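Student: Line by line, the protein sequences are chains A and V. Here the first sequence is numbered in the numbering used here, starting from 1 and rising by one per residue. Here the second sequence is numbered in the numbering used here, starting from 1 and rising by one per residue.
Rather than coming from a laboratory, the hints here were simulated on the basis of the structure. Please note that a few of the clues may not be correct.
Claimed, not checked - Short, incomplete list of chain V residues facing chain A, as computed with Cβ under 10 Å:
id, residue
1, Leu7
2, Ser67
3, Lys68
4, Ile124
As the list claims (entries may be wrong) - Here are some chain V residues the structure puts well away from chain A; computed CB gaps all over 10 Å:
id, residue
5, Lys24
6, Asn29
7, Gln33
8, Pro37
9, Thr44
10, Ile49
11, Val53
12, Ser62
13, Lys81
14, Gly111
15, Ile115
16, Ser148
For clarity, every value in this text was computed on a predicted model and none was experimentally measured. Don't be surprised by glycine CBs; every beta carbon is placed ideally from N, CA and C.
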Amino acid sequence: MTNSAASKSVAERPPLIQDIARIREDFPILKQTVHGKPLVYLDNAATTQKPQVVIDTLVRYYTTENSNVHRGVHYLSEQATQDYESARTKIRRLLNASDDCEIIFTRGATEGINLVAHSYGRQHIGEGDEIIISAMEHHSNIVPWQILCQEKGARLRVIPINDDGELLMDDYAKLLGHRTKLVSIVHLSNSLGTINPIEQIVEMAHSYGVPVLVDGAQAVPHLPVDVRRLGCDFYVFSGHKLFGPTGIGAVYGRAELLDSMPPYQGGGDMIKSVTFEKTLYNSLPYKFEAGTPNIAGAIGLGAAIDYFTALELDKICAYEHELLKYGTKRLSTIGSLRLIGTAREKAGILSFVIEGIHAHDIGTILDSEGIAIRTGHHCTQPVMDRFGVPATARASLAFYNTKADIDALVKGLDRVLEIFS
Amino acid sequence: MSQLEELYQEIVLEHYSRPRNFKKLEGANRSAQGYNPFCGDKITVYLKIEDGVIADVGFQGSGCVISKATASLMTESVKGKRQEEAVEIFHSFHNMLTRPPGSDFDNERLGDLEILAGVSEFPIRVKCAVLCWHTLRAALEQKHQTVSTE
Chain A
1 MTNSAASKSV AERPPLIQDI ARIREDFPIL KQTVHGKPLV YLDNAATTQK
51 PQVVIDTLVR YYTTENSNVH RGVHYLSEQA TQDYESARTK IRRLLNASDD
101 CEIIFTRGAT EGINLVAHSY GRQHIGEGDE IIISAMEHHS NIVPWQILCQ
151 EKGARLRVIP INDDGELLMD DYAKLLGHRT KLVSIVHLSN SLGTINPIEQ
201 IVEMAHSYGV PVLVDGAQAV PHLPVDVRRL GCDFYVFSGH KLFGPTGIGA
251 VYGRAELLDS MPPYQGGGDM IKSVTFEKTL YNSLPYKFEA GTPNIAGAIG
301 LGAAIDYFTA LELDKICAYE HELLKYGTKR LSTIGSLRLI GTAREKAGIL
351 SFVIEGIHAH DIGTILDSEG IAIRTGHHCT QPVMDRFGVP ATARASLAFY
401 NTKADIDALV KGLDRVLEIF S
Chain V
1 MSQLEELYQE IVLEHYSRPR NFKKLEGANR SAQGYNPFCG DKITVYLKIE
51 DGVIADVGFQ GSGCVISKAT ASLMTESVKG KRQEEAVEIF HSFHNMLTRP
101 PGSDFDNERL GDLEILAGVS EFPIRVKCAV LCWHTLRAAL EQKHQTVSTE
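Just chain V, same shape as in the assembly:
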C-alpha cells in the first residue's frame, strides 16, 4: 500500500462520508470550537460529562478527510471514557502522528485510531488530525475561546 493509499484508505473515507456522532448534542454540558486557519477547517465538539465520564459526545463542522474522519473516530474512542483517559488517548494519538518515520508506537489505547498512523508521513496534515483533539481538550477544560492549530 502506498503512503497515499494508506492515508486515504477505505475506512478513513467511510468515516469522512458517514461521520459518527456528527450532530449537535442535546443536553451537552460542555462544548468548544476549533479552527484551523491554514485549511479553513472548523469544528465544534459537544460533551455530556457525568461524574467525570464522557457520557456522550458529538461534533459538527466542515473540513478535509483527515480532520473529519479523525473527529469521527475520536468520538467513538472517547465515549464512555473518564476525562483523564481521553486526554491520555490524545497523547498516544499525538505521539503516533509525530513519531520519527518508520518507528513503532504504543497502540495500547488507540483502538481504531490506529488506522490514521499514515498521517505521520504527511507532516503538513498532522494539524488536520489534531484539531478535533485540541477542541475536545478545550471543551474538557471549559475554555470558551476558539482553539486554533496555528
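Pulled out of the complex, with its shape left as it was, chain A reads as follows:
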C-alpha cells in the first residue's frame, strides 16, 4: 500500500475528537503498562506518541518502496520521490503556504532555526546589528543566535515577560529599531504554555522592515497555523511533536527570501551542475536539502499530518482547552502547588512547582505510578531563572489525553505529598 492509500484509510474512518476511546486505540503505546500501572502519558511537549498509521507507513516504506529520491529512473525511486514530495505538499497545506518550494525538510525545528541563522543570518547580520528574541525561548532559539552574534559582533536583545509568562509588548516596541535585523520568537512556549501574539509581533517588526522567524515546534500540534495570516517570514516545526517520526521537520520560508539566501549545506541534490571551477545551485526548495534526506521520516510525517488533520483542528483545540481548564482547576486545589505560566492565552502545558519538593522527586514518584511527565528546566533555563525556580514539573497534553489522565496525575501528586508529609 502506498502512502496515498494509507491516507485513504484514515479518510474512510474519520475519528471524531469526542470519541477519545477510539482515538486512543490508534496509539498502540498507550495500551501499555509501566511499573505494573496503565501508562498515563503527559509528556507530549517533549514528544508525542505515534498512531498506528504512521508506524505502518514507515514499515511499508522500508518494506516495499525503499530507494533514493530525485535520482533513479526506476520504479521504486519514482514511488519514493512521489511520496516524499507529496509529504511536502501536505506540510504546505497544513501551514497554508503558497507554494511547495517554500517548504524545506530539516531534522526538526532546531535544525530549521540553525538553517536560517546560518544562511539568512550570516548574509544579513553584521557588527552592531541586533537580533530580538524573548525571555521564554527554548535553548534552540537562543544558542544559534548567540553563536551568530559572537561571530559577527552583533547583539542579542531579549523581550522580557511578566509574572504570568506573557511578553511585555511595550518593551518589545522599545527594543525594535534601525539596528534590529531579525526577530525570532516562539509561537507557543514549551515551558509556560503561553501563546504569543504573532500577528502583532510580525506587524511591528515589518514596520521596521525586519523579518520574523517563528518557532512553531509546540504550536503546530495544538493551534491552527496559517503562515500567510501570521505574516511571518520563516516558520519552523518538528515532526515528532506532531505525531510523526523523530528526525524530520520543516522550515517554511517566503520564496523571495529563500531565493536570495545562500545554501545551508553543500552536497548532493542541492546542485544543478558541478565543475571544479563553479557550482550552480539547485532551485528551491532543493537548494537547502543537501544529501539524502530522511525519506521515511518525511513520508511518515505526511501520514501523521493526514491523521491529525482528519481529526479536525478546531475540535482538537476545543477539547484540549477543556482539558487544560480541568487540569488547571484540579491542580489549583493543591495548596502547596504553584503553576508556572498562567497567561490568558495558553495551551496544553501545566508547568508547576510544589513547595519544598524538587521536581525530580515528583517525577520519580509519579513514574512509579505509571505517569510520565517532564521534570527539569525544559531547555529553557532563562525561564527557570526568571521565575526563581531550579526546575519545574510539567504535564503536557495531547488530544488523546483524558480527564482520567488528569485525575491520575492529581492522585499521583497526593502520593508525592504523602511521602513528603
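Dock chain V against the given chain A, drawing on the hints supplied.
Tutor: Coordinates of chain V only, in the frame set by chain A:
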C-alpha cells in the same frame, strides 16, 4: 519495601529536611562548587583540612531529596577521615550505586551511606547522589572550576 519506599525511606527524608553540616564553614581552607544541569541541583562543599585530615566539613545548596540527603550523609561520613580515605569511601559508594541489579556490594567503609543502596534501582538518579562526592573531590584537589555531572 517497594523500590520507591526504599528510595524515599524515612531516614533519607529526614536527612533531606534536616541536613547535617548544612552551613558555610567558617575557617574552611578548601571549597568547590558542583552543578547538575539535568536537575538544576547546585552545591558548594567546604572543607577544613588539617594535616591531611578532614577536620570539618560543611555544604550549602539546593536540590532533590537524593542530592541533599547524600550530601548530608557524606559530610557525616568523611568528617575526621584522612583525604585518601574519603576518596576510597566515594569509590565504595559509587560501586554500590552502579552495581548490577540484585548484586552484593562491599559495605565495609560505607556506614550510614548504605541506606542509599536503593538509588541503584533508579539509574537516572545516580547523578543526583554523586554530585556532592564529585564536588568533595574537586575541593580536595583544589579545583576551582565548577564540577558538573554531565
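Student: For every hint, state whether the structure bears it out.
Tutor: Cross-check of the supplied hints:
no. : hint   : verdict
1   : Leu7   : 7 Å, holds
2   : Ser67  : 8 Å, holds
3   : Lys68  : 8 Å, holds
4   : Ile124 : 8 Å, holds
5   : Lys24  : 19 Å, holds
6   : Asn29  : 29 Å, holds
7   : Gln33  : 14 Å, holds
8   : Pro37  : 8 Å, violated
9   : Thr44  : 15 Å, holds
10  : Ile49  : 30 Å, holds
11  : Val53  : 33 Å, holds
12  : Ser62  : 6 Å, violated
13  : Lys81  : 29 Å, holds
14  : Gly111 : 24 Å, holds
15  : Ile115 : 16 Å, holds
16  : Ser148 : 14 Å, holds
In the structure shown, a violation is registered for the earlier hints numbered 8 and 12, in ascending order.
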